[in-house]
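S.K.: Sequence:
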Amino acid sequence: MSEVDQFLVVAPQGRDAAVIEAQLEAAEIACTVATPRELVAAIHEGVVGAAIVTDDALTDAGLRATSEALATQPPWSDCPFIVLTPRSAVARSGPRAVAALGNVTVLESPMHPTALVSAARAALRARARQRRAQAYLAAREAAEEQVRDLAVTLEARVEARTSELMQAQASLEESLASYRYTIELGALIPWTASPEGQLIGIGNAWLDLTGATLDESLGFGWLRVVHPDDVASVFATWGDAVERIVPHDHEHRVQIRDGSYRWIRSRSAPRRAADGSVVRWYGTVEDIEDKHRARTQLQQLQADLIHVSRLSAMGAMGTTLAHELNQPLAAIANYVRGCRRLAQGIDPSIRDEFIDALAAADRSAVRAGEIVRRLRALVARGDVTRQAEDLPALINEACGIAMVDAATLGVVYRTRFDPHARTVVVDRIQIQQVVINLLRNALEALRDLELRNVLIETRRLPDGLCEVAVHDTGRGLDGEGHARLFTPFATSKAGGMGIGLSISRTIVEAHGGRIWYEPGLRGGAVFRFTIPGD
Numbered sequence: 001m002s003e004v005d006q007f008l009v010v011a012p013q014g015r016d017a018a019v020i021e022a023q024l025e026a027a028e029i030a031c032t033v034a035t036p037r038e039l040v041a042a043i044h045e046g047v048v049g050a051a052i053v054t055d056d057a058l059t060d061a062g063l064r065a066t067s068e069a070l071a072t073q074p075p076w077s078d079c080p081f082i083v084l085t086p087r088s089a090v091a092r093s094g095p096r097a098v099a100a101l102g103n104v105t106v107l108e109s110p111m112h113p114t115a116l117v118s119a120a121r122a123a124l125r126a127r128a129r130q131r132r133a134q135a136y137l138a139a140r141e142a143a144e145e146q147v148r149d150l151a152v153t154l155e156a157r158v159e160a161r162t163s164e165l166m167q168a169q170a171s172l173e174e175s176l177a178s179y180r181y182t183i184e185l186g187a188l189i190p191w192t193a194s195p196e197g198q199l200i201g202i203g204n205a206w207l208d209l210t211g212a213t214l215d216e217s218l219g220f221g222w223l224r225v226v227h228p229d230d231v232a233s234v235f236a237t238w239g240d241a242v243e244r245i246v247p248h249d250h251e252h253r254v255q256i257r258d259g260s261y262r263w264i265r266s267r268s269a270p271r272r273a274a275d276g277s278v279v280r281w282y283g284t285v286e287d288i289e290d291k292h293r294a295r296t297q298l299q300q301l302q303a304d305l306i307h308v309s310r311l312s313a314m315g316a317m318g319t320t321l322a323h324e325l326n327q328p329l330a331a332i333a334n335y336v337r338g339c340r341r342l343a344q345g346i347d348p349s350i351r352d353e354f355i356d357a358l359a360a361a362d363r364s365a366v367r368a369g370e371i372v373r374r375l376r377a378l379v380a381r382g383d384v385t386r387q388a389e390d391l392p393a394l395i396n397e398a399c400g401i402a403m404v405d406a407a408t409l410g411v412v413y414r415t416r417f418d419p420h421a422r423t424v425v426v427d428r429i430q431i432q433q434v435v436i437n438l439l440r441n442a443l444e445a446l447r448d449l450e451l452r453n454v455l456i457e458t459r460r461l462p463d464g465l466c467e468v469a470v471h472d473t474g475r476g477l478d479g480e481g482h483a484r485l486f487t488p489f490a491t492s493k494a495g496g497m498g499i500g501l502s503i504s505r506t507i508v509e510a511h512g513g514r515i516w517y518e519p520g521l522r523g524g525a526v527f528r529f530t531i532p533g534d
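Letter 513 of the sequence shown, counting from 1, is numbered 513 in my numbering, and no numbers are missing.
Just so you know, these hints were derived from the structure itself, not from any lab. Every value quoted in this text rests on a predicted model; they were computed, and no experiment measured them. It is possible that part of the hints are untrue.
Restraint-style ranges between C-beta atoms, simulated for each label pair [to be verified]:
1. Leu165 <-> Asp215: 34 to 42 Å
2. Ser171 <-> Glu196: 29 to 37 Å
3. Asp215 <-> Glu509: 47 to 55 Å
4. Arg132 <-> His112: 27 to 35 Å
5. Gly14 <-> Arg64: 47 to 55 Å
6. Arg272 <-> Asp249: 38 to 46 Å
In silico SDA-like cross-links for lysine to any residue, where the CA-CA straight-line distance does not exceed 25 Å [to be verified]:
7. Lys291 <-> Ala232
8. Lys291 <-> Ala510
9. Lys291 <-> Ala151
10. Lys291 <-> Ser266
11. Lys291 <-> Arg428
12. Lys291 <-> Cys339
13. Lys291 <-> Val225
14. Lys291 <-> His420
All C-beta atoms, glycine included, are put in the ideal place defined by N, C-alpha and C.
Work out the full structure: start from the sequences and follow the hints.
M.R.: This is the structure we're talking about:
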């Protein structure tokens, strides 16, 4: 039975309604006691699943009203009725009920509860079948209506599509002509390859550039003009792209008509069929010789500028470093002279003193050698090599160079390292140069001040970068100085070159990080920069 259908019991006289309701509910059949007028209203609303009607409800007026209500029902609906009538009235009530109600089951009363329950369930099953028929008819009618609408729409679309195809054909022909003209004049050389990666077509500009014929270039013949040192990488990357069916982008050298070599960039992507297989590879060749030469020159200039910055930083510290080197070397000389005097007459009473003197001389020599080694490593020109480095060790080594005169200047510096920001992937020498630049600036800012403190700290950021911060207790920067801080050759220091912070920004940004200034919470300046973690 549908959720909206009701099983009505129409028994206006005596206790019949209560008895019938009790018997049905005992069989777990939900029912509702109703009057003849409520039955008619429920039929009009279409919410009657089945009804039990006693003989005393079958008045002429009631039957007429019920019959008229049933006449308004849709064709699929044939509401089942169970008429309870005394045996003596069966012959009279049965035909009247059938004529008025249609789908009638007549039961003699009093009847056994089993017979009533069985008839009720049969009526509900019949009504459920009708509801299924209703759903089927509604779905079929909706489908037929949809088919009619689709037929009309299809006809309109076919007509419109035919017109569009004719216009598209004309537009395509125009586009092809324009494409051919544009390609011939453009800087990119188009080419196509088979699904297996063999060249099947290439623009005439390639033939003009290399001097090779089309037949010589097809298949894998184009490899003949690739620079011998590049053939292996070109073949490997192209073969990998074809195997994995992914876009390809590679730069290499080719021999041109005059016998020299030029850098080109080859890019391609596969065109797939509906099943995912490759139909063709489409690509372009671009002459990038001028771009490659300019990029190489820029990288060389940048390396030279960084090297000059290191030399400048070392020159600024030259006097102090010479003083610091002279101290351990003078100590070595003193210890050695003392050892000579002790060596004139060694006896057990002075043996320990002699050994201590030699040890002190050794430590001083090691210290002097360490300072020289660090300076040599920092100033030396070398290739940029990024690898995993211990950040605290890197900073401590930079402090050993930049803060060598801290004690002489009365500067107290501290380090605070985040254990989660330990390993970074950087060029050690370049990042040490950034740290040294910031520390030397901090020392300059603390001159002639009573409070001279520097703090170097690290921390791990949520995005995987590591941050290094240098705090000082100096006077900080004004707005104008802040705005020009990282501008090349902008400096407020007498004799300064103004390239230290500019170079530092270049180095940090080349590592994928950034560097910035912010005022300290309690005065002074804070310089921060980020570099990639492990």
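S.K.: Against each hint, give a clear statement of whether it holds in the structure.
M.R.: Verification of the hints:
At roughly 38 Å, the beta-carbon separation of Leu165 and Asp215 lies within the given 34 to 42 Å, and the hint holds. For Ser171 and Glu196, the Cβ-Cβ distance of about 33 Å falls inside the hinted range of 29 to 37 Å, so the restraint holds. A hinted range of 47 to 55 Å holds for the C-beta pair Asp215 and Glu509, which are about 49 Å apart. For Arg132 paired with His112, a C-beta distance near 31 Å keeps the hint of 27 to 35 Å intact.
In this structure the hint that Gly14 and Arg64 lie 47 to 55 Å apart at CB is violated, the actual value being about 24 Å. Take Arg272 and Asp249: their Cβ atoms lie about 18 Å apart, and the range 38 to 46 Å is violated. For the proposed pair Lys291 and Ala232, the alpha carbon gap of about 23 Å is at most 25 Å, so the pair holds. For a cut-off of 25 Å, the pair hint linking Lys291 to Ala510 stands: about 19 Å separates their Cα positions.
Under the criterion of a C-alpha separation no larger than 25 Å, the hint pairing Lys291 with Ala151 is inconsistent with the structure, at around 60 Å. For the hint pairing Lys291 with Ser266, the CA-to-CA distance comes to about 14 Å; that is within 25 Å, so the pair holds. Distance hint between Lys291 and Arg428 is unfulfilled; the C-alpha atoms sit about 29 Å from each other, more than 25 Å. Annotation: proposed proximity of Lys291 to Cys339 is violated, straight-line Cα distance about 66 Å (limit 25 Å).
Note on Lys291 and Val225: the hinted pairing holds, with a Cα-Cα distance of about 21 Å set against a maximum of 25 Å. A hinted pair counts as satisfied when its Cα atoms are at most 25 Å apart, and Lys291 with His420 does not qualify at roughly 41 Å.
Hint compliance for this structure: hints 5, 6, 9, 11, 12, 14 are broken, all remaining hints hold.
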